[in-house]
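*Asks:* The residues making up each chain are set out below.
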Amino acid sequence: MTINGWIQILVFCGIVTVLVKPLGGYMTRVFNGERTLLSWIFGPVERGLYAIAGTSEREEQHWTTYTAALLFFNLAGFLLLYILQRLQGALPFNPAGMAAVPPELAFNTAASFMTNTNWQNYGGESTMSYLVQMAGLTVQNFVSAATGVAIAVALIRGFSRASVKSIGNFWVDLTRATLYVLLPLCVVLTLVYVYLGMPQTLDAYVEATTLEGVRQTIAVGPVASQVAIKMLGTNGGGFFNANAAHPFENPDAISNLIQMVSIFAIGAALTNVFGRMVGNQRQGGAIFATMGVLFLAGVVVCYWAEAAGNPLVHALGLEGGNMEGKEVRFGISLSALFAVITTAASCGAVNAMHDSFTALGGLIPLINMELGEIIVGGVGAGFYGILLFVVLAIFVAGLMVGRTPEYLGKKIEAKEVKMAVLAILCLPLAMLVLTAIAVLLPHAVASIANPGPHGFSEILYAYTSAAANNGSAFGGLTGNTTWYNITLGIAMLMGRFLVIIPALAIAGSLVAKKTVPASAGTFPTDGALFVGLLSGVILIVGGLTFFPALAVGPIVEHLAMLLGQTF
Amino acid sequence: MSQSKTTSIMDARILIPAIGDAFRKLNPKTLARNPVMFVVAVVSALTTVLLVRDLIAGGGNIGFSFQIVIWLWFTVLFANFAEAVAEGRGKAQAESLRRTRTETQAKLLKGDDIRNVKIVPGTSLKVGDVVLVEAGDIIPSDGEVIEGVASVNEAAITGESAPVIRESGGDRSAVTGGTQVLSDWIRVRITAASGSTFIDRMIALVEGAERLKTPNEIALNILLAGMTLIFVLATATIPSFATYAGGYIPGLILVALFVTLIPTTIGALLSAIGIAGMDRLVRFNVLAMSGRAVEAAGDVDTLLLDKTGTITLGNRQATEFKPVRGVSEQELADAAQLASLADETPEGRSIVVLAKERYGIRARDMGSLHAHFVPFTAQSRMSGVDFDGSSIRKGAVDAVLQHVDRTTVAAGNGTASVVVREPQAIRELQAIAAEIAKAGGTPLAVVKDSRLLGVVHLKDIVKGGIKERFAELRRMGIRTVMITGDNPMTAAAIAAEAGVDDFLAQATPENKLSLIREEQAKGKLVAMCGDGTNDAPALAQADVGVAMNTGTVAAREAGNMVDLDSDPTKLIEIVEIGKQLLMTRGALTTFSIANDVAKYFAIIPAMFLAFYPQLGALNIMGLKTPESAILSAIIFNALIIVALIPLSLKGVKYRPIGAGALLSRNLLIYGLGGIIVPFIGIKVIDVAITTLGLA
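Chains as they are written, first to last, in numbering that gives the first Met the number 0: chain A, 0 to 566; chain B, 0 to 694.
Here chain A stands alone, though its shape is the one from the complex:
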């Protein structure tokens, strides 16, 4: 570990922290329907869209209606994306002449982009036409992120409103998240990325002659615009197969920093939106601090493990940390930082190969995802995810102050506990059970690149990444098989909707409750004590579930490495 490395990490943390309040303030105004700087442009557009959809910003929905609208919208997006892929050969904007995507892969990709996972069992530049990339994938990049933000805002309303039935209007929240938050930021980011050297073109791939005289096809396309939303919307699906390690997707340290910040920006700002909406920014601050504590712990371990490198390599006389699978332009600190960020948030973009990390370095991304990606998390998804843990933590510990547990004046009772438990239960269900089945199937095991515990980690990582809607790949695993296309697709759908539905049910239950005013007997949820409690519950409840699986994967691999054995 170097001073320089730490300075880069701290600069990143500083920028994210500074952005939380202004962005949070802006988003609060947007979702409260107040006038903002951009209202004069988007106001008419917004109202026009509502008129077409037959709704209005004054129309409010019960949680069941809200959920039904959300599910319907996602199903439509899924079908559209599936059909586009299957028919891409016959559709325009296909200069490279890509053929129709096979059904299982199309299913996997449609599920992947609709759920904000962006797991890619294909190489973008060799599989998808420009039309699919722009009208299919990029559209889902926007709306899946907007869907996540909408759910988070709906759940926040569960706490901020009292004694009412409605939690907002899904169409309005979706439209506002897209128009006022994602779109303008993406326009700015795209321009910056183009300036930094990313391609942005609809022209065909470029032919070049190398110094050796060999002809080479250089893939280009509308890269900058897709990178903007892939990071901001924590989608992570790269234009190129190499993702953010590709020089066209991530040219230099500055673009790397901007991309890292944009992964966290909206997720972190949502904590402030929460604080503002419930009338006490410190409440949001406590959640942000919890995320920060868990994030920094991950960064320290991962950076330390990568910087320490492999003792077996050191024994061969090669000093230094682990540079295998890393880009020289980012180095160890920025690769480790990026890996922790992308898995803490449900982004999944990678600027280094996680498969080549040391066992402990690779353990951190795995744990980040297993905790349900609540450390900042996917836009919206991370926030409603951590609120589920808040419900559990408050229920367990809140009893210890001698009152029915309450959070922000809302009593946490049987219904909330039931829904939070259901949502948290779906993660081990998808991650562990599917892994357990896969490791018993010879054809599924055949997909792994390395034997032993490392191969196990590859499979575990794949299902974990899918169920957590992360989408980052450990690498090494050949995922484009019928088995993985279908089961990973199922894991993504489970990990998304089995959390969303209980989260919205909690919103619906809370919004109807009275708000109990705080007193000296109310357990304070805006201080260090709460941060410690919440972190502890997340680590114990989330961590213990996966301890056996981690033990036979990365942990045993690390211990074996110390004893001189690699896989």
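FYI, nobody ran anything at the bench for these hints, they're computed from the structure. Some hints here could point you the wrong way.
[What the hints assert, rightly or not] In silico DSSO-like links for lysine-lysine, alpha-carbon gap of 27 Å or less:
1) A:164 <-> B:523
2) B:212 <-> B:523
3) A:414 <-> B:28
4) B:437 <-> B:466
5) B:523 <-> A:513
What you are looking at is a predicted structure, and each value in this text was computed from that prediction instead of being measured.
Starting from the known structure of chain A, fit chain B onto it as the hints suggest.
*Replies:* Leaving out everything else, chain B in the frame of chain A:
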């Protein structure tokens, strides 16, 4: 049932039958009420089958398997035992109650004639029947006195041997079946049929027979069931991981890991905690009609307390004599004492006492003075004494002034001096009275013949230590509101002196009810106590309504708790008991979950040792062998249940130090402690069993 009869937690008379009950509770129907322990029982049964198979087929490490199976069953039995001990303590109390419910004969009345009596068994009485109860009779069932006054011995339910008065009308009309009339006779209308009387309900409650799960308990059970499911997934997937690694893990070891991971500690003790909470209230001579009410008590935000008897001593006391100009204190004291000599009210007696203490005026014999006592009436609102042609009166200021007016007119115009002197004396008297009222006291004017002498300051005496109690409540986050019939000025003065947060002056049943509704509309939970029929609507509206046992049947039916000692200050203790109940659940849940960390470190290395010996590095406790590691974990898991029985029965102590401080304290003890304790415990057990050669 007085506090002295409290059975200690480790009483052999309770423990020994509880052992038998622990086995009886293995009945699947009983076990199914508790999801966590039911799961443990199911896997114990399965492993027993495996053990039997191994015994027949031979092979396997029988000794080790046998011990695991035994300890799995112990886990279930210890949970049953905890519940049985909690119930046993209730049963002991129920037994003493049941003795009072002996078969009684009732004198059923036909019509209004009290001579028309038919002797029937007490059990045959129906609601609405009217019975006659005479001196020496046991009251056959709960009822309401509709005629007569009697002294009743209620020791059977309150443990208090001093007889109480029960009379028709007013706020002391309720009688309880099983209590005995000592003198006089009463006509009682039966309000509860046999089997549903107060004592029957008490017995059912303390025995835990009628225990329904409370809302928090239901939510906690859901959480525990969810945790159990999560650990099903965590352990059921292990064999497949092992197969991938080319290893095999015996079912018994998986079961051992699973049982140690699921929250058995809290699962085992949950119902004992609930029963013990109810029991603590009963020991406090408070009967809760439901567990829900006890839980609600912990959540109370606002306490409505009656001024009289709760905040102040029941009676006002004379503290000062304030004469008008031209009258000496001595003279005023002398007249006031004379007027009070025959006055048996506490106020009257306090005047006599003050006169003696302050001015050495001794009591005089009324007879030798030829004095005639004039008692207080609602019309005159004065009392006093007539002797040797003169008269002394004391009473409310306006009543006394009216009296002076009347006597002046009756005396004719002759006494011009009186008329001249009066306006100034009246103004002075009114000024003194206003000053006293402002200070929270009650002015009592004294007049001799038609000469105003001055005012006696009657003061509400705020109970000692009550101010500290209210400060404590404030730290608990509970707002106190004093309810009083006094005028706002007096109420404000007493409220300030007692340190309550707010007061409701000139309270009527209507504005009491609307105050409760107002608080509830703000999302607050309200507790109050009351005794009169006119309190019934407010008691029913309050989230926690504590009716006084001396109160009316209507009040008792409306409240959700009854205080047998009729002590309104108990509301404070009731709130603490409710909080204690919730805290104990939370503390043991936290402890139970925190325990899992150590158990993983004990079992995981042992489990995978055969094919991943590298994981031996996780054996940070240095447990001797894989067998002893697994066995130690499961033994610890079972023994911790027994070790925590006393805590779950006694409850975690509530400290009014503010929620934040309380939480960090409990998190430190039960959270951090819950992580550390099993590391030590498992290590100790490991040393013990390896020394004994058990594994």
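*Asks:* If a hint holds in the structure, say so; if it does not, say that too.
*Replies:* Hints and how they fare:
no.: 1; hint: A:164 <-> B:523; in the structure: holds (20 Å)
no.: 2; hint: B:212 <-> B:523; in the structure: holds (23 Å)
no.: 3; hint: A:414 <-> B:28; in the structure: holds (26 Å)
no.: 4; hint: B:437 <-> B:466; in the structure: holds (20 Å)
no.: 5; hint: B:523 <-> A:513; in the structure: holds (9 Å)
In the structure shown, no violation is registered for any of the earlier numbered hints.
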